[in-house]
Amino acid sequence: MSVLKAENLTKDYPGTRALDKVTVSFESGRVNALLGKNGSGKSTLVKCFAGAIQPTSGAMFLDDEPISFSSPAEANQKGIAVVYQEMSLVPSLTVTENIFLGRMPKKGGRIVDWQAAHKEAKALLDTMDADIDPHQIVSRLSMWQCQVVEITKAMSHKPRVLMLDEPTSALAAHEVNQMFEVLRALKRQDVIIIYISHKLHEIPEIADTVSVLRDGVLIGKEDMKDVTASDILGMMFGEMQHKTRPADILPGDTPLLSVRGLSREGLFEDISFDLMPSEVLGIAGMLGSGRTELLKSIFGADPYDAGSIVVNGQEAKRKSSPIAMKKMGLGLTPEDRKQEGLILIHSIRDNLCYASIDKARKGWLENKKQRMEIADSQVKNLEIQVPNIRASVNSLSGGNQQKVVVGNWLNTQPAIMLYDEPTRGIDVAAKQQIFEIMWQQARRGVSTIFVSSELEELLETCHRILVMRQGRITGEVDPAATNVKELYAMCMGGEA
Amino acid sequence: MNRFGQLNRKKALDFLFDHVVEVILIILILAMGNISSTFNTTANWLNIFRNMSMKGLIAFGMTMVIISGQIDLSIGSTVALSGVIVARACRDLPEIMGISVSLACVLGMLMAFMIAILMGVIHGYAQHKFRMPAFIVTLASQNLLYGLAGILSNGFPIANTFPDWFSRIGVGKISGTNGLPIPALILFIFFLIMLFVLKFTTTGRSMYAIGGNPESARLSGINVLKTKIFAFSAVQVMSVMAGFINSAQVLSGSYSFGRGWETDVITAVVIGGTSMAGGIGTMWGTMVGIIFLGVIINGMTILNVSVYAQYVVRAIFMSIAVLVATYRAKKKA
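Protein sequence lines correspond, in order, to chains B and H. Per this note's numbering, the very first residue in the first sequence carries number 10; after that it's consecutive. Per this note's numbering, the very first residue in the second sequence carries number 19; after that it's consecutive.
Hints should not be assumed to be uniformly reliable.
DEER-style ranges, computed between Cβ atoms [to be verified]:
| no. | chain 1 | residue 1 | chain 2 | residue 2 | range |
| --- | --- | --- | --- | --- | --- |
| 1 | H | Lys-348 | B | Ser-178 | 31 to 39 Å |
| 2 | H | Thr-344 | B | Asp-345 | 22 to 30 Å |
| 3 | B | Lys-328 | H | Ile-169 | 52 to 60 Å |
| 4 | H | Asp-182 | B | Lys-328 | 47 to 55 Å |
| 5 | B | Ile-258 | H | Asp-36 | 47 to 55 Å |
| 6 | B | Leu-374 | H | Phe-148 | 26 to 34 Å |
| 7 | B | Leu-374 | H | Ile-207 | 12 to 20 Å |
| 8 | H | Met-150 | B | Ser-97 | 27 to 35 Å |
By construction, these hints were calculated from the structure, which means they are not laboratory data. By construction, the Cβ of each residue, glycine as well, lies at the ideal position given by its N, Cα and C atoms.
Working from the sequences, and respecting the hints, build out all of it.
This is the structure in structure tokens:
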């Protein structure tokens, strides 16, 4: 049996302490769950073990031997493997080639020994009870099989520590069980498995121990059989008060947006809700709950199979588009601001004007003066910190980039704003400013849908929160009458 | 004082890097002027512009296409087809329809323009709706249009059918022997028009957006399909113009005209600083690229350098231009 240990591990970033004297150990032959909400420090801990970052102080041991890494490659050499959420497989190659990428077995030094390669791959897959054909092209595999190939690839290096970052986040419900079979087979080998997950209801099924981090501090490490789901929730969230929205923003009573029975196969089903003028409506849901797909369909960026969308008494056409929805007064700040929200190589000013390109014009021509005015006014109103408005938007910090995405849409004078994870990866002050912008718009009558997996934020900003899970709306809560723990339990589908 | 000087030096260096093609071009022109007494004469310069007018026109359209993140490889065949259509119309229509040659010529020209716009629409649709790579779609069109030109002309050049006024498009001059050649005049007029469209219209700005990041542009409610169709049509219409000039110059239409022009056109656009990845580029840059190519070809011909050596020199300059542009983009990011 081997043990991976952290002793008084601390990691400081300018202004924050991500890890605070964490002392914890993980044993081989068991699945060790590592839990914590966003920003709790769990990924920082994983990165320390994986050599991606260096701790400020404290020590790490693998079987009582002190370890410290200056790079992930070094950690890898010492037998520490990480399987990240994002797939790193080459879709067009076979399973075997992916497992042995860059180190295929060779004959005579140069020629690939296909027979040996397939045989070895098969043997590796067999040790994990995984029924996957090594000859298969990866793009033809299902998601869970891809994840298993990813793990097999990591295991082919004979690691002593295997860290799995949200291995089930991309899997459908029925795939999760097959994935767990593989993990159970893995326990027979002498490897330390650390399992990082958001999905609370999966933990009792697969984990043997559970360790919980909160605000960089280890709250505890327990044997799974000694704790209930409710205990774990308590450890994750503690007792905390959340702030609430300003009291002066009151929703109207005739719906501005009515969604009825909206469905898109495999992504979301039978979604119905009303959005009132000036209302800030939250949608709470984890990754894969269908929240992003729902917003995109409402906005006309993706199609939908059934249902209707009525904006201000006018039904949207079935074959919708962002162009049409923009005309009806909708705006969307997409989840991935760099890839979907901004044109990174272009200037801040240009990025503030793309959505309103049809407004700032005189006939065929672009109205340069008006364009500059609306760009400059957003910089001022949203307090975007810009060195030079002609600089590329790529040079801005995450928070300021997000404000550019928001400003781009506010320039269209929308009646309904859809925000998809607007606070991801931005600092606390910028988050607060984004909320202020929402409220400020709400006071003017603009309705808001705010999608987030940061549940505290929803409680802090919204009039109402819809809970979305596995493509359905499973509940509606009043932020004043609930807390983070309950909301989290609803999103996860576990009982609190 | 010292720091101020340094700052100015840095600014000057940045400026040089940003305008490296212009700088090399000026050096080239000055050098050529010193070596050859005939190079820097009005007659020679008008000659350069006349020679580059056809590829220049196409390059303006290609700039829009490439900024939009697309490519059009079919332009050479469009040049051939447009010439053949007009030549055939002038030959056959007067007899069939009992109309004058001039009217037949105008009808032929209109037909060529319509085909150009149709091709632009097809390219835009195929690329956008069916997600076919523009490279492949327009490569197919290159074959298609070449084939059609061959069929329409029965595989032989159709010569001496044009009315006089049509041939003036290719060889005419404004006022006297040393006046401005009409092809050069057309080049300048369309330079201004295309510059204006790209820089000052919403369609032009949309081209930068869809080339810079198609998904962001789509989610910003920009009409991506319409913009692509506009750009694809623009380059086709420019190619038809070039085809007219070309056929007017040689007084015939042939399926073999325009072959391989796309390489020169793309070379000029790229030397002018337009990014093949889309989203970056200017009309002015393309004009500089065109003059650059013209000066190299003209200058080296005056110096009696072989055509093949000219290609080598072109390759070197193109590489320098792209290398500098990539380096600058990396530094800015």
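- Query: Would you say the C-beta atoms of Leu-374 of chain B and Ile-207 of chain H sit inside 12 to 20 Å of each other?
  - Reply: With Cβ atoms ~19 Å apart, the hint holds.
- With respect to the beta-carbon atoms only, verify the hint that Ile-258 of chain B and Asp-36 of chain H lie 47 to 55 Å apart. At 49 Å between Cβs, range holds.
- Message: Given a hint of 27 to 35 Å, does the C-beta separation of Met-150 of chain H and Ser-97 of chain B actually sit inside it?
- Response: At roughly 29 Å between Cβ atoms, Ser-97 of chain B and Met-150 of chain H fall inside 27 to 35 Å, so the hint holds.
- Query: Regarding Lys-328 of chain B and Ile-169 of chain H, is the given constraint of 52 to 60 Å on their beta-carbon distance met?
  - Reply: Since Lys-328 of chain B and Ile-169 of chain H have Cβ atoms about 39 Å apart, the given range 52 to 60 Å is violated.
- Cβ separation of Leu-374 of chain B and Phe-148 of chain H, checked against the hinted range 26 to 34 Å: holds (33 Å)
- Pairwise beta carbon distance, Lys-348 of chain H to Ser-178 of chain B, judged against the given window 31 to 39 Å: At 34 Å between Cβs, range holds.
- For the pair Asp-182 of chain H and Lys-328 of chain B, does the Cβ-Cβ distance stay inside 47 to 55 Å? Cβ of Asp-182 of chain H to Cβ of Lys-328 of chain B: about 53 Å, so the range 47 to 55 Å holds.
- Task: Using the Cβ atoms, figure out if Thr-344 of chain H sits within 22 to 30 Å of Asp-345 of chain B.
- Result: Given about 26 Å between the Cβ atoms, the range holds.
Taken one by one, the earlier hints fail for this structure only at number 3.
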